[in-house]
Structures are given as structure tokens and as C-alpha cells.
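Asks: The lines below spell out each chain.
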Amino acid sequence: MNLNDQTIGNDILPGDIRPHINTELQNGKPLFVSHRKPLEESLENPIPQIMVKELNFYYGRQKALSKVSLGIPAKKATALIGPSGCGKSTLLRTFSRMNDLIANARIEGTVTIDGRNIYDRDTDVVELRRRVGMVFQKSTPFPKSIYDNVAYGLRIVGIRDKKTLDQIVEKSLRQAVLWEEVKDNLGKSALALSGGQQQRLCIARALAVGPEILLMDEPCSALDPNATARIEELIFELKDDYTVVIVTHNMQQAVRVSDFTAFLYLGELIEFGSTQKIFTVPKDRRTEAYLTGKFG
Amino acid sequence: MSLKNFKEALIEKIIFLSGIASIILVILIFIFLAKEGLSLFKSVHLGDFLLGRRWHPISEPPQFGVLPLILGSLFVTLGAAVISVPMGIASAIYIAEVAPPRMKEILKSGIELLAAIPSVVLGFIGMTTLVPFVKHHLNLPTGLTAFSGSVMLAFMAMPTIVSIAEDALTAVPQKYKEAALALGATRWQAIHRVILRAASSGIVAAVMLGIGRVVGETMAVMMITGNAVRMPTSLFQPVRTLTATIAAEMGETVRGSAHYHALFAIGIVLFVITFVINLIADWAVHRKLK
Ligand SMILES: Nc1ncnc2c1ncn2[C@@H]1O[C@H](COP(=O)(O)OP(=O)(O)OP(=O)(O)O)[C@@H](O)[C@H]1O
Ligand SMILES: [Mg+2]
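Respectively, the protein sequence lines represent chains A and B. Counting in the working numbering, the first sequence runs from -9 upward without gaps. Counting in the working numbering, the second sequence runs from 1012 upward without gaps.
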């Protein structure tokens, strides 16, 4: 993170979270603020890690995102909300170039992560995706054992050493609060786990690779309240160490886990700011209408 | 009864009868095969039949050892499998995962076209091109060998293997691929470690069905493999297969003779072989991860 980003950030971040640059930031260390402190305080120094600038996205002729610009702060949880079909998943997927897989999808504008436009020609997409992990709406464990699922991302980079693998697998499963439930059954098929366990397994699998940013597309939409609560706790823990971006349809969830919220409507970014402000004093009446259940 | 109900009932009956008819037909064929074939074992020992090394059905006394024929079929089939399985799976992967959409369409039509060539035509082409080629380039006394048959049959197995394996690969949920790529896998890593594995049962089925086709193939084999009844020791010799034996000799037998029954017994052997292959394919398809 260099100062240049900060300047870019100043143009784009909404006024209320504009970072004031201080010496603590210049030595490259993001301010660590425990989530237990009051929200206002933790919002003082958001460092934008993902900068989106004038982003247009097309599926063939259909425009799915239109002139979206925002700065997503490092080591915070940012929620993307908005009615179905407004482009939340599309936006989220642009951050790790998952849209590359879609034939005739087209993108204009830039997405900059840590100062580099990830849509530059010379971007190593494989490397990018290792830094930007993704958890999908439907849990997607591979038809392999629990252990092999978590070890997958390690093995593909050539980590073969049993001890190292064991260590990282355990650490990741612990981080995803799944270890206690599966530690005696690591050889069991991942498909035999419950929906909530599968989703936590996918989170563990994503964490094992060692990403800096974690993207989550409605990670709780298929889960019961209990499993949802566990994943929310988990996100809350994770944002101390990771930049988390989460798409959710659940407004309470956005309030509970996120520091910042972006409201999208019909492919446009309507409002972006601290979650508290968005939910208490929305500036745009469309945001207000959505939050009060008038549409969506 | 209203006209509409009558129509419904009629259609139901017709469907039921067609379904039943095919099953009854299969059963009848099987009974006929068993009845005609099993009579051989009144005069010939089962062990002598299966393990006998001589097939001299019209000498005196006749000898009905099918081992050379079974081995002939086995050589040709294995040879064809060695060629067609890797190539077939590789093409399936290319079509399903790598080829751009235009290319995909072209290749799929190409494979269908290959499947549409009658085997006698393939046999004919093989006889005039492949056989002399094998003779000259491998320096053999004859080009009519098990190897030539394998190459020709590989062409016949390919469309089956490619199209079924390709279906299996395409049926792997896109989400597996996305999840693998999202973890930083390269395209080949995603194919190799996730997609191939998820499609493995379908691929096994494709291979088995392809091999089943090879085992049952007759015409091209008869034209190309040389039809010499002797214990094969190498791929580069003329061999005679089970199917070719039935086709070549059925016309000359006297109905009800031992030779006639022996050919039906060969039919039973073939039936058992294909049945086992289908069983394996079925098991592979329905195999679940433990
Ligand atoms: N693969 C695709 N091909 C074509 N159009 C697509 C594709 N994916 C999404 N779209 C379209 O792009 C628009 C935005 O879709 P997107 O999935 O980003 O919405 P979303 O906000 O995530 O909705 P939801 O809340 O229902 O998940 C929609 O109009 C959708 O129809
Ligand atoms: Mg979505």
C-alpha cells in the first residue's frame, strides 16, 4: 500500500470515510482497531485496498454495472447490498477476475488492488486469485475428503510435505471453526457434511491458500439461523486479519458483520459509506426505500 | 369414456406394449442362444471348449477349443483400447474444456460423422490403406494382423468414447471448476485434479462402452485381421476373433450339428464378455464416493 492509493482513495471515497493520512499509515502498517471498540472510532482510518474506478460491465449487450466507483478499505468487512439482479455478484466477481470465465463478458474501467490494476494485460490471474479468495453462495466442496479439500490449494502449488500440509489444514479448519467437529474424520467425504459445515469447509479451503482478501457471495443464504450465526461470528473474527467483502440479502447480517456498506441498484452504486450511517441516515431516498422494504 | 380419456388410455397401452415387447424379445433371444449353445456340452467338455487350443470344427474328430479365438479377440480389443482410450479421453477433454465454441461444434460434428461411417466401409478403407502400410513399414509377411485390426477398431471406439466422456465432463457442475480456479488453480490443474475426478465414473462408462463396441465388432475385423485360427503370440500376427468365427462359419454349418451348437456357444461367450463389461460400466456409473 503506498501513498498513491491514498490519493486515489480521496477522490472516490465518500466524504464520511475519507481517510486522513497520518504518519502511522506512511510506514505501511494499517491501523489495527479491535472490533470491540465503538464503530465510530474504528472508522477513522480506512485504508482502501480495492479501488474500483468507473467500472462498466457488460454481459453481451446487457449492461450489468454502470460507472461504479468505490474504495474498499483494508482489514474491514464491507457489505454489498441491493435488490436481486442489481449486480452485486458481478461486482464481487470482478475483484478476482472470476468473470473471465464468462464468454462475451466485457469490462471497462479499472479495479486496482494494492496499487495495481488487476485488469492490466500482464496480471497473473492465478496469482491474483491466490491473494483474493472467494466463497460462493452455494457451498462447493469438491467430491473429495475433508482433508483433501482444504489441502487442494496447497497441493496445486506443489506443497507435498505431509507435516506442512497437516499444519495448515488444521490451522485453517480451526480458523473456520470447523476443526472440533471434523478432526476425527478428516478422511470422510466432504459431501457428507451438513450444509453449514460444508460452507465453513469452503471458507477453510479458501483461507488455507493464505489470501489477503476474502470475497463472500451470500455465504449464509442456504443455512439455518444457527449455522448463519457461526459464520457471522467467523467473519467478525476474520476481518481482523483479512479484507472481507460480503454480498448479503440479509440487512441484519450486514449490520452485524460489516463496517461499510455499498448499496447497488440497477447496476449503479447508489450509496457507499459506514454501515452505521447507511442504515441510520441514508442519503439517497432509494437506499432508504430499499432498507425500509419498499422494494427488492 | 370420453374421447380424451380414451386417447390417454390408448397411448398408455401402446407405450406399455412397446416396452414389454423389447424385454420379451431380449429374453427370447437369450433363451434361444442358451438352448442352441448349451447343447454343445452334451458332447464336448466345458473345459475343453474354453481352454482347448485348437479350433478344427470340420476335421475328424472335430476340435472345439475357443482359446485362440478368445485370445484373438482379447489382443485386438486390448490393442484398440490402448490406442483409443487415451486419445478418446484427450479429445473429450479438449472438446469439453479447452476448445473455443466454434471449434467445439466442428469437432462434435466430426465425431458424429466418424460414428456414422459403416464398419464395412472402415474395413474396406483399412484393407486398402492400412494393411499395405503395416506390411511395408513394419516389414511383415502380411499386413493382415491383430495390430491393423486394433487400429481400425480404435477408430470405431473413438466416437463412443469421445461423445460419452465429453458428456460426462460437461455434466461436471461449473461450480467445481470455478471453485478450483478461485483457489488459484491453473486451467490444467482444475481439469486434472477436479473435473476429471468428478467425471471419472462417466469416463469409465465411456471407455467400457467403447470397448464393448470393439468386442462386438465383426465386419471390419474379418476383413483386416487375417482370420488365422492359431494361438496368437504377438500383435503383429494374423488372428481370428470370436465374432469373425461366427460370421465366417455360420453359413457352412448343418443346422443341429455340433459345429452349429459350438458357434452358438461362442455366442454365449461373447454375451458373457459384453455383459461383464456392461456390469463394470454400470458399477462405475453408480459408484458413489464412500
Ligand atoms: N452469466 C451471465 N450471463 C448473462 N447475464 C448475467 C450473467 N450473470 C448475471 N447476469 C445478469 O447481470 C445482472 C446482474 O447479475 P448479478 O448476478 O450480479 O446480480 P445480483 O445482484 O448478484 O443478484 P442476486 O441477489 O439475485 O444474486 C442481472 O440482470 C443478471 O441477469
Ligand atoms: Mg448474486
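The set of hints was computed from the structure by calculation and includes no laboratory data. A portion of the hints provided could be inaccurate.
Straight-line C-alpha distance at most 20 angstroms; calculated SDA-like pairs for lysine to any residue [said to hold, decoys possible]:
no., chain 1, residue 1, chain 2, residue 2
1, A, K173, A, S184
2, B, K1119, B, F1135
3, B, K1186, A, K173
4, B, K1186, A, Q127
5, B, K1188, A, E170
From the structure, some residues in chain A lie toward chain B, with a derived Cβ separation under 10 angstroms [as the list claims (entries may be wrong)]:
no., residue
6, G105
7, I108
8, D112
9, R121
10, F132
11, I149
12, V172
13, K173
14, L176
15, R195
16, A198
17, I260
The beta-carbon is built from N, C-alpha and C at its ideal position, and this holds for glycine as well.
Asks: Now tell me if each hint is right for this structure.
Replies: Going through the hints against the structure:
no.: 1; hint: A:K173 to A:S184; in the structure: holds, 15 angstroms
no.: 2; hint: B:K1119 to B:F1135; in the structure: violated, 25 angstroms
no.: 3; hint: B:K1186 to A:K173; in the structure: violated, 26 angstroms
no.: 4; hint: B:K1186 to A:Q127; in the structure: holds, 10 angstroms
no.: 5; hint: B:K1188 to A:E170; in the structure: violated, 29 angstroms
no.: 6; hint: G105; in the structure: violated, 21 angstroms
no.: 7; hint: I108; in the structure: violated, 14 angstroms
no.: 8; hint: D112; in the structure: violated, 17 angstroms
no.: 9; hint: R121; in the structure: holds, 8 angstroms
no.: 10; hint: F132; in the structure: holds, 6 angstroms
no.: 11; hint: I149; in the structure: violated, 12 angstroms
no.: 12; hint: V172; in the structure: violated, 16 angstroms
no.: 13; hint: K173; in the structure: violated, 19 angstroms
no.: 14; hint: L176; in the structure: violated, 14 angstroms
no.: 15; hint: R195; in the structure: holds, 7 angstroms
no.: 16; hint: A198; in the structure: holds, 8 angstroms
no.: 17; hint: I260; in the structure: violated, 28 angstroms
The structure fails to meet hints 2, 3, 5, 6, 7, 8, 11, 12, 13, 14, 17 from the earlier list, while all remaining hints are met.
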